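Protein chains: 2
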Amino acid sequence: MTSATVLNLKEQMHRVGASTADYSLTSDLFPLRHFNTAQRETGTALHGKRERASVSRMMSITRFYIWYFLSMGLGLACVVCVCLWNSQWRGGFAWDGSSLQFNWHPVLMVTGMLVLYGNGAVLYRVPLTWGENKLPWKLLHAALMLLALMLSVIGLCAVFGNHNASNIPNLYSLHSWIGIITAILFATQWAAGVAVFLLPCSPGSLRKLLKPQHVWMGGSLLTLGIAACISGINEKLFFVLKGNTNGSLSYSQLPAEALLGNSLGVLIIAFGLVVLKILSNHEWQRPENQPEDVPYTPLLQEENQ
Amino acid sequence: MTSATVLNLKEQMHRVGASTADYSLTSDLFPLRHFNTAQRETGTALHGKRERASVSRMMSITRFYIWYFLSMGLGLACVVCVCLWNSQWRGGFAWDGSSLQFNWHPVLMVTGMLVLYGNGAVLYRVPLTWGENKLPWKLLHAALMLLALMLSVIGLCAVFGNHNASNIPNLYSLHSWIGIITAILFATQWAAGVAVFLLPCSPGSLRKLLKPQHVWMGGSLLTLGIAACISGINEKLFFVLKGNTNGSLSYSQLPAEALLGNSLGVLIIAFGLVVLKILSNHEWQRPENQPEDVPYTPLLQEENQ
Numbered sequence: 001m002t003s004a005t006v007l008n009l010k011e012q013m014h015r016v017g018a019s020t021a022d023y024s025l026t027s028d029l030f031p032l033r034h035f036n037t038a039q040r041e042t043g044t045a046l047h048g049k050r051e052r053a054s055v056s057r058m059m060s061i062t063r064f065y066i067w068y069f070l071s072m073g074l075g076l077a078c079v080v081c082v083c084l085w086n087s088q089w090r091g092g093f094a095w096d097g098s099s100l101q102f103n104w105h106p107v108l109m110v111t112g113m114l115v116l117y118g119n120g121a122v123l124y125r126v127p128l129t130w131g132e133n134k135l136p137w138k139l140l141h142a143a144l145m146l147l148a149l150m151l152s153v154i155g156l157c158a159v160f161g162n163h164n165a166s167n168i169p170n171l172y173s174l175h176s177w178i179g180i181i182t183a184i185l186f187a188t189q190w191a192a193g194v195a196v197f198l199l200p201c202s203p204g205s206l207r208k209l210l211k212p213q214h215v216w217m218g219g220s221l222l223t224l225g226i227a228a229c230i231s232g233i234n235e236k237l238f239f240v241l242k243g244n245t246n247g248s249l250s251y252s253q254l255p256a257e258a259l260l261g262n263s264l265g266v267l268i269i270a271f272g273l274v275v276l277k278i279l280s281n282h283e284w285q286r287p288e289n290q291p292e293d294v295p296y297t298p299l300l301q302e303e304n305q
Numbered sequence: 001m002t003s004a005t006v007l008n009l010k011e012q013m014h015r016v017g018a019s020t021a022d023y024s025l026t027s028d029l030f031p032l033r034h035f036n037t038a039q040r041e042t043g044t045a046l047h048g049k050r051e052r053a054s055v056s057r058m059m060s061i062t063r064f065y066i067w068y069f070l071s072m073g074l075g076l077a078c079v080v081c082v083c084l085w086n087s088q089w090r091g092g093f094a095w096d097g098s099s100l101q102f103n104w105h106p107v108l109m110v111t112g113m114l115v116l117y118g119n120g121a122v123l124y125r126v127p128l129t130w131g132e133n134k135l136p137w138k139l140l141h142a143a144l145m146l147l148a149l150m151l152s153v154i155g156l157c158a159v160f161g162n163h164n165a166s167n168i169p170n171l172y173s174l175h176s177w178i179g180i181i182t183a184i185l186f187a188t189q190w191a192a193g194v195a196v197f198l199l200p201c202s203p204g205s206l207r208k209l210l211k212p213q214h215v216w217m218g219g220s221l222l223t224l225g226i227a228a229c230i231s232g233i234n235e236k237l238f239f240v241l242k243g244n245t246n247g248s249l250s251y252s253q254l255p256a257e258a259l260l261g262n263s264l265g266v267l268i269i270a271f272g273l274v275v276l277k278i279l280s281n282h283e284w285q286r287p288e289n290q291p292e293d294v295p296y297t298p299l300l301q302e303e304n305q
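As you go down the protein sequences, you meet chains A and B in turn.
Position 170 of the first sequence, counting from 1, maps to 170 under the working numbering, and the rest follow consecutively.
Position 253 of the second sequence, counting from 1, maps to 253 under the working numbering, and the rest follow consecutively.
If you're looking for bench data, these hints aren't it; they were derived computationally from the structure.
In this text, all values refer to a predicted model and were calculated from it rather than measured experimentally.
Careful: at least some of the hints might be erroneous.
Which copy is meant is left open, because identical chains are indistinguishable; a pair holds if it fits in one copy or across any two.
To be verified - Straight-line distance between alpha carbons at most 25 angstroms, and here's what the computed PhoX-like set of lysine-lysine pairs gives:
hint : residue 1 : residue 2
1    : K277      : K208
2    : K277      : K211
3    : K134      : K208
4    : K208      : K49
5    : K242      : K134
6    : K134      : K211
7    : K242      : K208
8    : K208      : K236
Make the full structure from the sequences, and use the hints.
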């Protein structure tokens, strides 16, 4: 049994309400500080408690993975829908200032600022990542968020390029205001995250102070991203589905493209709410601190701030 | 010192991480079960811990009220903005099927489904409500949510009436899909909330099981409400600010009405995020259970499920 496995076991037992007596299970590695309590337990009662704790832990992990795979399925459905919409109904993609360049905008914002972002946000909730060494997962979290940010920036460049080439003013609609605020806050959050939680010179007290703000801002950015996506899809469908004499239907007549666009919006909402559900459930949070039995080791080896 | 005051003090000391030894402060009312631990503390160290716990508690409550009053200020600003927009720029209100009837829609949805709803959601976070008897606050929570739901339903009637009188199809845009889903889920959440958490016949085990879902759905409804409001304001501004030869400006030229509408959208986002911040901070949550020292009393007298 590795040290990391024992740590996980101990933390998860604590989460599911296991008695301190249950910790004697790991007595080969951890001091049995609650021996007096354990002494009072009969062997049968102790066994029953262990069984219950184990079942409860398994159920919690199973529930997590159901929600996690649901979020992945919904995220995949969002990406498929937005690609299908822009490739099949909006004429595909180009980078020439035309409306085909614009088509990159919804695809990259939904893929980057929403789906990839959401997946990066819930990374620490995956029990598999709860070992002693948080650093590789922290680097993966930062990398996923950087990729999401880069896709979002390219998505913004797509719309600015198309607007400039077509003499359409930038940043006047509420959708664009919310979108640009989200992108600026996302970039700020990423830079602050690297500076505070990755750079070795950042003090532990600062990390502890700013972690709740980082987590809250993370959830808020997802809410902002949802609002930006929904208003953007709504606006786009009104722009392009005007109906005319050659038989094309208007938005209000709900042609197939309208149904696809609206369904994409509903999927985005569903994805966002599932991710926010995973983020808000404290039972699934990575433990705040390593158990006190394990000595703290400095950054770049093992750390948990 | 009333029993409720002592309860609050004990719960809040626990939240701010006070040692069990600190509970001896309330030894006149609660058994000193941790006497052995307390014995090991010197008088000075104990006094220092109490001081720190008291300061920490005060700071936590102060932080709560800063965010709470910020949410109230932002909520008020949202209501003022949406009323000003529809009364001064959109021609005021009527109930005759005209566009003046439509004007009730944004006012009632923002006031009901967003601001009143948000205020009802954070009610249990106000430390003032943390006494032994939860029932009056539960009734106020249900009443605020019912009022929010009624305003939302009247707001929906306003838009359906206007659409029907003007032969405009209903429920085709993504905004309307998100809005109607939000309203249906809100009504379901209210009815389920009353059935599970207010009716005396509802078992405690069911309440315990469904409380996390009720809380999660509450936050999700706020996110849905934000997305519906943002997409609705964005859509309305595109509809009405088309610009024409008599000198009125289009949305892209950012006239005063566009600035007001966009600002309303930003205020709605800010209000929503502040409310979600308050809801997500576990430090400000009403304690899950009354301390075990206090006997549980049945529903309609004192209860805390």
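Status of the hints after comparison with the structure:
{"no.": "1", "hint": "K277 with K208", "in the structure": "both (23 angstroms within a copy, 18 angstroms between copies)"}
{"no.": "2", "hint": "K277 with K211", "in the structure": "both (19 angstroms within a copy, 14 angstroms between copies)"}
{"no.": "3", "hint": "K134 with K208", "in the structure": "within (15 angstroms within a copy, 34 angstroms between copies)"}
{"no.": "4", "hint": "K208 with K49", "in the structure": "between (34 angstroms within a copy, 21 angstroms between copies)"}
{"no.": "5", "hint": "K242 with K134", "in the structure": "neither (52 angstroms within a copy, 54 angstroms between copies)"}
{"no.": "6", "hint": "K134 with K211", "in the structure": "within (15 angstroms within a copy, 32 angstroms between copies)"}
{"no.": "7", "hint": "K242 with K208", "in the structure": "neither (53 angstroms within a copy, 51 angstroms between copies)"}
{"no.": "8", "hint": "K208 with K236", "in the structure": "neither (42 angstroms within a copy, 44 angstroms between copies)"}
In this structure, the hints that do not hold are numbers 5, 7 and 8, in rising order.
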